[in-house]
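Novice: For the record, in the sequence shown the residue sitting at position 93 is 93 according to the working numbering, with numbers rising by one throughout.
I should point out that these hints are in silico values taken from the structure, not numbers from a laboratory. These numbers come from a predicted model, not from an experiment. Some hints could be false.
[As the list claims (entries may be wrong)] The calculated EDC-like cross-link candidates involving lysine to aspartate or glutamate, where the alpha carbons are at most 16 Å apart (straight line), are: (1) Lys-114 - Glu-41; (2) Lys-110 - Glu-70; (3) Lys-114 - Asp-37; (4) Lys-96 - Glu-70; (5) Lys-51 - Glu-70; (6) Lys-51 - Glu-33; (7) Lys-114 - Asp-93; (8) Lys-110 - Glu-133; (9) Lys-110 - Asp-94; (10) Lys-51 - Glu-75; (11) Lys-114 - Asp-85; (12) Lys-51 - Glu-5; (13) Lys-114 - Asp-94; (14) Lys-114 - Glu-133.
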Amino acid sequence: MDHFEVSGLIRVAGSTPDYRVLLNRTSVDQPYEVRGDLRPELSNLEGARIKAEGTLVGLMLVVRNYEVLEIAGHEPLVGILVVGDAGVALRTDDGKSVTLQDAPEELHAKAGAKVWVILDSAGVVTGYGVIRER
1 MDHFEVSGLI RVAGSTPDYR VLLNRTSVDQ PYEVRGDLRP ELSNLEGARI
51 KAEGTLVGLM LVVRNYEVLE IAGHEPLVGI LVVGDAGVAL RTDDGKSVTL
101 QDAPEELHAK AGAKVWVILD SAGVVTGYGV IRER
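Produce the entire structure from the sequences given, and follow the hints as far as they go.
Specialist: Structure, rendered in structure tokens:
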């Protein structure tokens, strides 16, 4: 199949180095096994609900693009972490820059990494995770 789009939860099964990254549409359906260059990123999103686009071969999904829809019941922002004199910001895929208020010290050391963040209504970071190191 040339183009396939599906939403579901990311799950990681097994142990290193033979772990599998799975995309579960529902709790009763057979999951898709994630393949492709984005597999390492998706393995860092275990428990997240995503929308993936790619090529389906049987139950293997070669992911070309994905969007993080939900983490722990919240809609996250995803982008590249920028650290400068003005503080910490997130550069999103659409080119916007979002200032991260009261960013944890651990994030200051992650400049250039692709991360997800959850913000409260004041823009304060309440949760975050690294998707890909710089």
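Novice: Holds or violated: Lys-114 and Asp-94, Cα atoms, limit 16 Å.
Specialist: Cα-Cα ~14 Å, so holds.
Novice: Quickly compare the C-alpha distance for Lys-51 and Glu-70 to 16 Å and report which way the hint goes.
Specialist: Cα-Cα ~10 Å, so holds.
Novice: Lys-114 and Asp-85: Cα distance at most 16 Å?
Specialist: violated (20 Å)
Novice: Quick one, are Lys-110 and Asp-94 close enough, alpha carbons at most 16 Å?
Specialist: violated (20 Å)
Novice: Decide if the proposed pair is consistent with the structure: Lys-114 and Asp-37, CA atoms, cutoff 16 Å inclusive.
Specialist: holds (15 Å)
Novice: Next pair to validate is Lys-51 with Glu-5; report whether the Cα-Cα distance is within 16 Å.
Specialist: holds (7 Å)
Novice: Given the hint that Lys-96 pairs with Glu-70, does the C-alpha gap stay at or below 16 Å?
Specialist: violated (20 Å)
Novice: What's the verdict on Lys-110 and Glu-70, does the C-alpha distance respect the 16 Å limit or exceed it?
Specialist: At roughly 22 Å apart (the allowed maximum being 16 Å), Glu-70 and Lys-110 break the hint.
Novice: Would the hint linking Lys-51 and Glu-33 be met if the CA-CA limit is 16 Å?
Specialist: Roughly 14 Å separates the two Cα atoms, so the pair holds.
Novice: Straight-line Cα separation of Lys-114 and Glu-133 no greater than 16 Å?
Specialist: holds (6 Å)
Novice: Does the structure keep Lys-51 and Glu-75 at a Cα separation of 16 Å or less?
Specialist: Holds, at about 13 Å.
Novice: For the pair we were handed, Lys-114 and Asp-93, check the Cα-Cα distance against 16 Å.
Specialist: Given that 16 Å is the threshold and the Cα spacing comes to 10 Å, the pair holds.
The structure fails to meet hints 2, 4, 9, 11 from the earlier list, while all remaining hints are met.
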